[in-house]
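*Asks:* Sequence:
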Amino acid sequence: DTFNIALPADAVSGRAQGALVLDLPEGGPPVFTLQSDLRGVAMRLAGLGWSKPAETGGEFSISGTLGPTPTIDNLRLAAAGLSAEGTVTLSEDGALQSAEFSAVTLGDWLNAPVTLTGRGPGQPPGVAVTGGTIDLRALPPSEAGGEGSSGVPLNLALDRVIVTDDITLSPFRGQVTSSAGLNGTFEARMNGGAPVRGALVPQRGRTAIRLQGDDAGAVIRDAGVFKSFDGGALDLIMVPRSEGSGFDGQLQIRTTRLRDQPVMADLLDAVSIIGIIDQLQGPGILFDNVVAQFEITPDRLILEQGSAVGASLGISLDGTYDLAGKQLDMQGVISPIYLFNAIGQIFTRRGEGLFGFTFRMTGDAETPRVSVNPLSILTPGMFREIFRRAPPGIERTPQRPPRQERREQP
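Anchor point for the sequence shown: position 136 equals 121 in this note's numbering, and the numbering is continuous, going up by one each time.
Note that these hints are calculated values from the structure, not bench results.
Keep in mind that a hint or two might mislead.
When the alpha-carbon atoms are kept at most 25 angstroms apart in a straight line, the in silico SDA-like pairs for lysine to any residue are as follows [what the hints assert, rightly or not]: (1) K37 / D8; (2) K212 / L139; (3) K212 / V276; (4) K212 / E228; (5) K311 / D284; (6) K37 / D78; (7) K37 / A203; (8) K311 / G348; (9) K212 / L302; (10) K311 / A350; (11) K311 / D251; (12) K212 / M346; (13) K212 / D(-5); (14) K212 / D151; (15) K311 / L139; (16) K311 / G190; (17) K311 / P268; (18) K311 / E289; (19) K212 / F17; (20) K37 / T149; (21) K212 / D245; (22) K311 / A208; (23) K37 / A4; (24) K212 / Q188; (25) K212 / A4; (26) K212 / G178; (27) K37 / L9; (28) K311 / F340; (29) K311 / T149; (30) K212 / G190; (31) K37 / D151; (32) K311 / R345; (33) K311 / R285; (34) K212 / K37; (35) K37 / G190; (36) K311 / D273; (37) K212 / Y306.
As the structure is a prediction and not an experimental result, all values here were calculated from the model.
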């Protein structure tokens, strides 16, 4: 109220005792210091998932000088996992002009300098985060905004945003609000490399992320996932899982080429598709559409269903990838001359034709072992599901049924 800052009605409540020291130097303005352990005061920032119960202590101190326009030389708050220290500048009428905190830490997910800027009576301050890190893996569940909350505007210019152990958006620039989690748009670079753009949306109490890029090959390569795609339009959606950490993901790439991929060359050689090998080693195999449904956890990536389709080749794939050990266990079907072979897709998964070769890849991701069943070409697609085993490394339980396949029109 003193600084004319609009806060939700339940942001601060209760009373606490404090120790006030007032010095009256001769010929100078009064100097004050106020300290409190904050016991008896409840504090809550719903949009950031932070709260301090009234019975919990903390550390609060403020010091400065009194006068027509007071000065605040130091303000420090440490409570319930939140730590901030900085200076406050007041306008001539005593309202907040700015508050600059050189380092703000909140739980394990925020470590950055923060500047608050007054926006006039009745308005919440603007928040600028310049530099530092936000870790989406550790972002706490967000509650609905408090009474009277319309969301805190955040201007983000971060050094990096950590999405998973291997995916970092750095640098990151965005305009978001935080009434019920992070919500807004951004531009960034994948692990400091390929440019991407996207959106953050509150979902399941956490933050869902959508990434789009005009060079899918570069984005995937800089993410450390796959090095052999060239070009293409990328659209990636990652939604927090309802239980535990990690994300459910959907990936789509339009019009990309696969080039210089030794594993694919071995696979094509095993089924004696010489012409397509020449494409792979030359201009690349053109895929009109690549789609995947997956889950990613701190330990592994579970590819529930993936496919890549083009006129000359169709591929389906599922299985697991150990992120730490770089080990994979995948199985799939490769269907040559997909433009004509796709007539059987009505009976099969996307990426599989009426006739195709089943294969499996296991071991080190850089040099996996590839095995092909040449007799599988004799099994028409309509009967393939009868003999297909469960995806490697994926356990099905009543709580975790397989996802329904989503077909798209070519």
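*Asks:* Hint by hint, note whether the structure agrees.
*Replies:* Right, here's what the structure says about each hint:
Of the supplied pair hints, the one linking K37 and D8 is violated, its CA atoms being roughly 32 angstroms apart against a limit of 25 angstroms. For the suggested pair K212 and L139, the alpha carbons sit about 35 angstroms apart, so the restraint of at most 25 angstroms is broken. For the suggested pair K212 and V276, the alpha carbons sit about 17 angstroms apart, so the restraint of at most 25 angstroms is met. At most 25 angstroms may separate the alpha-carbon atoms for a hinted pair to count; K212 and E228 exceed this at roughly 31 angstroms.
Straight-line distance between C-alpha atoms of K311 and D284 comes to about 10 angstroms, which keeps the hinted pair within the 25 angstroms bound. Distance check on the hinted pair: K37 and D78 sit about 31 angstroms apart at the alpha-carbon level, beyond 25 angstroms; violated. A distance of roughly 44 angstroms separates the Cα atoms of K37 and A203; the hinted pair therefore is violated under the 25 angstroms criterion. With a C-alpha separation of about 8 angstroms, the suggested pair K311 and G348 falls inside the 25 angstroms cut-off, and the hint holds.
Restraint check for K212 and L302: satisfied, since their Cα atoms lie roughly 17 angstroms apart, inside the 25 angstroms limit. Our distance criterion of 25 angstroms between C-alpha atoms is met by K311 and A350, whose separation comes to about 6 angstroms. Among the hinted pairs, K311 with D251 is consistent with the structure: their alpha-carbon atoms are about 19 angstroms apart, no more than 25 angstroms. Under the criterion of a C-alpha separation no larger than 25 angstroms, the hint pairing K212 with M346 is consistent with the structure, at around 17 angstroms.
Note on K212 and D(-5): the hinted pairing is violated, with a Cα-Cα distance of about 51 angstroms set against a maximum of 25 angstroms. Under the criterion of a C-alpha separation no larger than 25 angstroms, the hint pairing K212 with D151 is consistent with the structure, at around 15 angstroms. Distance hint between K311 and L139 is unfulfilled; the C-alpha atoms sit about 37 angstroms from each other, more than 25 angstroms. This hinted pair does not check out: K311 and G190 have alpha carbons roughly 31 angstroms apart, beyond 25 angstroms.
For a cut-off of 25 angstroms, the pair hint linking K311 to P268 is broken: about 28 angstroms separates their Cα positions. Restraint check for K311 and E289: satisfied, since their Cα atoms lie roughly 18 angstroms apart, inside the 25 angstroms limit. Taking the CA atoms of K212 and F17, the gap is about 61 angstroms. The hint is violated against a cut of 25 angstroms. Restraint check for K37 and T149: not satisfied, since their Cα atoms lie roughly 28 angstroms apart, outside the 25 angstroms limit.
Proximity of K212 to D245 is assessed by CA-CA distance (about 9 angstroms); at most 25 angstroms being required, the pair is judged to hold. Distance restraint check for K311 and A208: the Cα-Cα separation of roughly 14 angstroms lies within the 25 angstroms cut-off, and the hinted pair is therefore satisfied. Only pairs whose Cα atoms come within 25 angstroms are accepted, and K37 paired with A4 is accepted, the gap being roughly 21 angstroms. Straight-line distance between C-alpha atoms of K212 and Q188 comes to about 31 angstroms, which puts the hinted pair past the 25 angstroms bound.
For the proposed pair K212 and A4, the alpha carbon gap of about 62 angstroms is over 25 angstroms, so the pair is violated. With a CA separation close to 13 angstroms, the supplied pair K212 and G178 stays within the 25 angstroms bound. For the given pair, K37 sits about 35 angstroms from L9 by alpha-carbon distance, which is inconsistent with the 25 angstroms threshold. Distance restraint check for K311 and F340: the Cα-Cα separation of roughly 32 angstroms exceeds the 25 angstroms cut-off, and the hinted pair is therefore not satisfied.
Proposed proximity of K311 and T149 is supported: the alpha carbons are some 15 angstroms apart, at most 25 angstroms. Only pairs whose Cα atoms come within 25 angstroms are accepted, and K212 paired with G190 is rejected, the gap being roughly 34 angstroms. Distance check on the hinted pair: K37 and D151 sit about 33 angstroms apart at the alpha-carbon level, beyond 25 angstroms; violated. For the suggested pair K311 and R345, the alpha carbons sit about 16 angstroms apart, so the restraint of at most 25 angstroms is met.
At most 25 angstroms may separate the alpha-carbon atoms for a hinted pair to count; K311 and R285 meet this at roughly 9 angstroms. Distance restraint check for K212 and K37: the Cα-Cα separation of roughly 47 angstroms exceeds the 25 angstroms cut-off, and the hinted pair is therefore not satisfied. Distance check on the hinted pair: K37 and G190 sit about 19 angstroms apart at the alpha-carbon level, within 25 angstroms; holds. Only pairs whose Cα atoms come within 25 angstroms are accepted, and K311 paired with D273 is rejected, the gap being roughly 28 angstroms.
This hinted pair checks out: K212 and Y306 have alpha carbons roughly 16 angstroms apart, not beyond 25 angstroms.
Hint check: violations occur at hints 1, 2, 4, 6, 7, 13, 15, 16, 17, 19, 20, 24, 25, 27, 28, 30, 31, 34, 36; the rest are consistent with the structure.
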